[in-house]
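Enquirer: Given next are the chains, with one letter for each unit.
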Amino acid sequence: MQINSQNLFDYSNDLIFAVNSSRKIINANKPALDFSGKKKRKELEKHLCYKALFSRKEPCDFCNIFDNNAASIKNNLNNSFEISIEEPDDPVGRLRYFNIKQHIVYDDENKPVVIEVISDITRYRQDEEEYARNSKLIALGTLIQSVAHELANPLTGLSLTLQNIEEKIDKEVSINSDYIKNKIRLLKTDLKKTSHIISDIKSFHTKETYEIDKIIIYETLRESIKEIKRIYKKKLKIQFKWRLGKDYQISGNKSKIIQVFINLFKNSLEAAEPESTVTVWLIGRMANDSKSEDDKKFLEVQYIDNAGGISGDIISRIFDPYFTTKKGKSGSGLGLFLVQKILFEHNAVIETDSRGKHTRFRLKFY
Amino acid sequence: MPVKDFEDLKKYKILIVEDVESILLAIKDYLMPYFIVDATDSLTNAEDLIQKSIEEKKPYDLVISDINLSDKSGLELVKIIKKKNLKTKIALITSYDINDYIEFIKNEEIDQVMTKHSNLSLHDIFVMAYKSITQDIFGIEKYFNDIKIYFPPEMKRTIEPENKEVYSVIIRSMNDKIMWTERICKILKDKKKIPISLSKLVLDEITANAMIRAPRHKDGSYKYQEIIEESDKLIPHENIVLQDEDAFILQYGFYNDWIILVCQDPHGSLSKKEILYRLYRHTALCSETGLPKGLSDTHGRGIFLLREHLTQVIFNIQKDKKTEVICLYNPVQNIPYKNISVFQI
Numbered sequence: 001m002q003i004n005s006q007n008l009f010d011y012s013n014d015l016i017f018a019v020n021s022s023r024k025i026i027n028a029n030k031p032a033l034d035f036s037g038k039k040k041r042k043e044l045e046k047h048l049c050y051k052a053l054f055s056r057k058e059p060c061d062f063c064n065i066f067d068n069n070a071a072s073i074k075n076n077l078n079n080s081f082e083i084s085i086e087e088p089d090d091p092v093g094r095l096r097y098f099n100i101k102q103h104i105v106y107d108d109e110n111k112p113v114v115i116e117v118i119s120d121i122t123r124y125r126q127d128e129e130e131y132a133r134n135s136k137l138i139a140l141g142t143l144i145q146s147v148a149h150e151l152a153n154p155l156t157g158l159s160l161t162l163q164n165i166e167e168k169i170d171k172e173v174s175i176n177s178d179y180i181k182n183k184i185r186l187l188k189t190d191l192k193k194t195s196h197i198i199s200d201i202k203s204f205h206t207k208e209t210y211e212i213d214k215i216i217i218y219e220t221l222r223e224s225i226k227e228i229k230r231i232y233k234k235k236l237k238i239q240f241k242w243r244l245g246k247d248y249q250i251s252g253n254k255s256k257i258i259q260v261f262i263n264l265f266k267n268s269l270e271a272a273e274p275e276s277t278v279t280v281w282l283i284g285r286m287a288n289d290s291k292s293e294d295d296k297k298f299l300e301v302q303y304i305d306n307a308g309g310i311s312g313d314i315i316s317r318i319f320d321p322y323f324t325t326k327k328g329k330s331g332s333g334l335g336l337f338l339v340q341k342i343l344f345e346h347n348a349v350i351e352t353d354s355r356g357k358h359t360r361f362r363l364k365f366y
Numbered sequence: 001m002p003v004k005d006f007e008d009l010k011k012y013k014i015l016i017v018e019d020v021e022s023i024l025l026a027i028k029d030y031l032m033p034y035f036i037v038d039a040t041d042s043l044t045n046a047e048d049l050i051q052k053s054i055e056e057k058k059p060y061d062l063v064i065s066d067i068n069l070s071d072k073s074g075l076e077l078v079k080i081i082k083k084k085n086l087k088t089k090i091a092l093i094t095s096y097d098i099n100d101y102i103e104f105i106k107n108e109e110i111d112q113v114m115t116k117h118s119n120l121s122l123h124d125i126f127v128m129a130y131k132s133i134t135q136d137i138f139g140i141e142k143y144f145n146d147i148k149i150y151f152p153p154e155m156k157r158t159i160e161p162e163n164k165e166v167y168s169v170i171i172r173s174m175n176d177k178i179m180w181t182e183r184i185c186k187i188l189k190d191k192k193k194i195p196i197s198l199s200k201l202v203l204d205e206i207t208a209n210a211m212i213r214a215p216r217h218k219d220g221s222y223k224y225q226e227i228i229e230e231s232d233k234l235i236p237h238e239n240i241v242l243q244d245e246d247a248f249i250l251q252y253g254f255y256n257d258w259i260i261l262v263c264q265d266p267h268g269s270l271s272k273k274e275i276l277y278r279l280y281r282h283t284a285l286c287s288e289t290g291l292p293k294g295l296s297d298t299h300g301r302g303i304f305l306l307r308e309h310l311t312q313v314i315f316n317i318q319k320d321k322k323t324e325v326i327c328l329y330n331p332v333q334n335i336p337y338k339n340i341s342v343f344q345i
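Taken in sequence, the protein lines are chains A and B. Every letter in the first sequence is one number past the one before it in my numbering, and letter 249, counting from 1, is 249. Every letter in the second sequence is one number past the one before it in my numbering, and letter 197, counting from 1, is 197.
Some clues are possibly wrong.
Claimed, not checked - Taking beta-carbon pairs under 10 Å as the criterion, some of the chain A residues facing chain B (in silico): (1) Leu-151; (2) Pro-154; (3) Thr-156; (4) Ile-180; (5) Lys-181; (6) Asn-182; (7) Thr-189; (8) Asp-190; (9) Ser-195; (10) Ile-197; (11) Ile-225; (12) Lys-229; (13) Lys-364.
Quick caveat, the hints were computed from the structure, so don't treat them as lab data. Glycine included, C-beta positions come from ideal geometry on N, C-alpha and C.
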């Protein structure tokens with residue numbers, strides 16, 4: 001058997017077809033033919049792509065590569081996007097996900113032709129969803145464990161203090177009022193701690209709803225810096241470098257993003273030796289992950305401080321709730337947990353590494 | 001335990017290290033009438049106090065430390081004390097799962113770890129301190145005030161103890177063991193609705209140790225079980241009748257919501273090291289398989305199961321002389337994590 005390009009074409013799992021400027025199919029591979037439900041390639045060729053392939057009367061909503069008025073192809077457009085459609089016979093209306101790539105090539109007569117590749121990425125999306133669900137469950141498990149531990153301290157304190165008082169009464173020892181006053185103070189402290197822990201859990205698990213708008217991230221960062229400088233005055237030096245358009249927008253909630261950066265600043269300041277000055281480098285740039293298959297770019301904000309660094313044995317725990325190294329001073333152990341939670345809700349992730357006295361957080365807004 | 005017995009405890013020194021103020025002060029207040037007590041909320045201060053006590057040639061007899069301190073881990077304090085070669089006993093308290101520290105506990109041979117929860121009793125902390133320091137370790141009466149313990153000649157005609165009573169029986173044969181296991185299981189079921197399977201599991205385990213594993217000839221071979229060479233298994237003899245010197249005591253009773261089962265044998269064959277090792281094998285996960293090593297055989301599973309099922313298990317051991325395993329079960333008390341409590345003299 002002679003192997004020609006048509007054979008190669010047909011062996012792909014993706015739907016591949018070529019369309020001319022009037023949206024008529026020039027060629028299609030076997031998966032595309034199977035998908036259309038037609039038996040012969042001739043039934044596809046020279047037919048309108050949306051009719052023959054998708055049984056639609058109108059062009060597909062997502063497709064914007066054709067200029068409808070001029071019956072031509074918009075130049076210099078290489079599209080790559082995702083669509084989801086409801087599974088036709090699925091009782092619960094599950095979605096199927098497709099990645100669609102449209103490339104413009106030119107034929108012998110130098111006429112533009114659109115090569116369209118449609119990949120079914122449902123499986124990939126489902127895996128991703130499952131991963132997100134599992135991550136949430138793991139996070140919940142960690143939270144429950146931390147809460148159980150956190151509650152054990154004040155509860156034990158309450159119980160032992162009461163045993164003290166009970167013992168004194170049992171022994172009929174005369175109890176002086178200062179002793180009782182001090183024990184009441186301790187009971188109150190433990191009670192307060194208990195109720196704090198409970199209100200913390202509530203705030204995590206009643207899903208907070210907040211407005212998502214287009215926000216100009218550069219301005220949001222400027223405001224965060226202003227706010228933190230107002231609180232901490234001179235102890236903080238910030239080197240702010242912005243390597244993309246100052247009008248770059250992301251979808252999010254401004255005050256929540258400000259909260260993220262204030263928490264990061266506070267974290268640096270509280271980690272540093274008292275009276276020392278902390279320098280923070282804040283860098284905004286477009287980046288791409290070597291891991292992801294397409295070179296999709298995203299906004300990365302790097303936050304680097306020189307507040308002492310994080311040792312390797314605890315770096316994996318710094319986002320855990322109630323994890324703190326701040327010597328019983330101000331640290332609740334919830335700052336970075338909150339940062340991660342807000343970013344999670346913004347479809348962003350935070351990664352961290354540390355060398356010497358420097359710690360770097362990379363906030364990736366996808 | 002009446003207070004008047006403890007006049008001479010005043011010579012012993014205890015250091016408490018705990019960063020929750022109420023817990024620190026509660027333990028301190030409770031122990032103060034009996035011992036010389038110092039208390040601090042940080043490991044740095046604890047180190048200074050220990051150093052000072054050495055310089056004054058009056059080191060602490062016992063250090064009770066929280067594991068998760070605000071400045072450093074209480075585990076570091078253990079290392080510091082061991083490094084200084086002090087005879088100081090160490091007891092840890094924690095609100096975390098002890099099982100997370102099981103490897104450290106095994107390696108450093110920590111014999112007392114208490115977990116923090118709302119049922120933790122100051123009296124139990126006192127008993128732990130008293131036993132660790134004085135080496136007077138045996139007896140269930142230390143844990144329960146005004147409990148009455150009856151031995152065979154004094155026992156009433158009934159075999160059913162009232163509240164705050166513990167009955168003792170002497171086991172001389174396999175038949176004795178079977179008969180008393182059945183009786184005790186029935187009493188616990190009738191009086192406290194304890195499932196027979198649970199009582200039987202506990203009684204089988206503690207008596208198997210006293211009857212089959214502990215008694216040995218002078219050359220170290222087992223008296224009442226055989227090794228089957230081909231399968232490397234130990235099979236107990238049938239219809240065992242114990243020699244007089246191997247007879248052991250089984251105690252059972254109640255104290256309010258507590259169910260008490262105790263086994264005392266005259267061998268003292270268990271050791272702190274072995275108990276901690278057995279718990280470790282069944283608790284710590286092997287890095288290769290992700291499962292506890294103990295799963296591959298049954299060695300030491302009994303001790304692990306006792307601890308899992310009961311509210312508290314206390315081992316009192318006088319090497320080659322006496323072993324006492326105290327099993328305490330309180331169906332009303334739900335304790336998140338179990339203590340480790342092994343006293344060896």
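Enquirer: Does each hint fit the structure? Answer for all of them.
Expert: Outcome of the hint check:
Nearest Cβ of chain B to the Cβ of Leu-151/A: about 8 Å, under the 10 Å cut. The hint holds. Taking 10 Å as the C-beta cut-off, the interface hint given for Pro-154/A holds, the closest approach to chain B being about 7 Å. For the restraint placing Thr-156/A at the interface with chain B, the shortest Cβ-Cβ distance is roughly 4 Å, inside the 10 Å limit, so the hint holds. With a least beta-carbon distance of about 12 Å to chain B, the hint placing Ile-180/A at the interface is violated under the 10 Å criterion.
For Lys-181/A, the interface hint is violated, the least distance from its beta-carbon to any beta-carbon of chain B being 13 Å, above 10 Å. This hint holds: Asn-182/A has a C-beta 8 Å from the nearest C-beta of chain B, less than the 10 Å allowed. Of the supplied interface hints, the one on Thr-189/A holds, with its beta-carbon coming within about 7 Å of a beta-carbon of chain B, less than 10 Å. Nearest Cβ of chain B to the Cβ of Asp-190/A: about 5 Å, under the 10 Å cut. The hint holds.
Below 10 Å, beta-carbon pairs count as interface contacts, and Ser-195/A has none with chain B, the closest being about 15 Å; its hint is therefore violated. Checking Ile-197/A against chain B by beta carbon gives a least distance of about 12 Å; that is not within 10 Å, so the hint is violated. Interface restraint check: Ile-225/A against chain B, minimum CB-CB distance 31 Å, threshold 10 Å, status violated. The beta carbon of Lys-229/A comes no nearer than 29 Å to any beta carbon in chain B, farther than 10 Å, and the hint placing it at the interface is violated.
Interface hint at Lys-364/A: violated, since its Cβ lies 31 Å from the closest Cβ of chain B, which is beyond the 10 Å cut-off.
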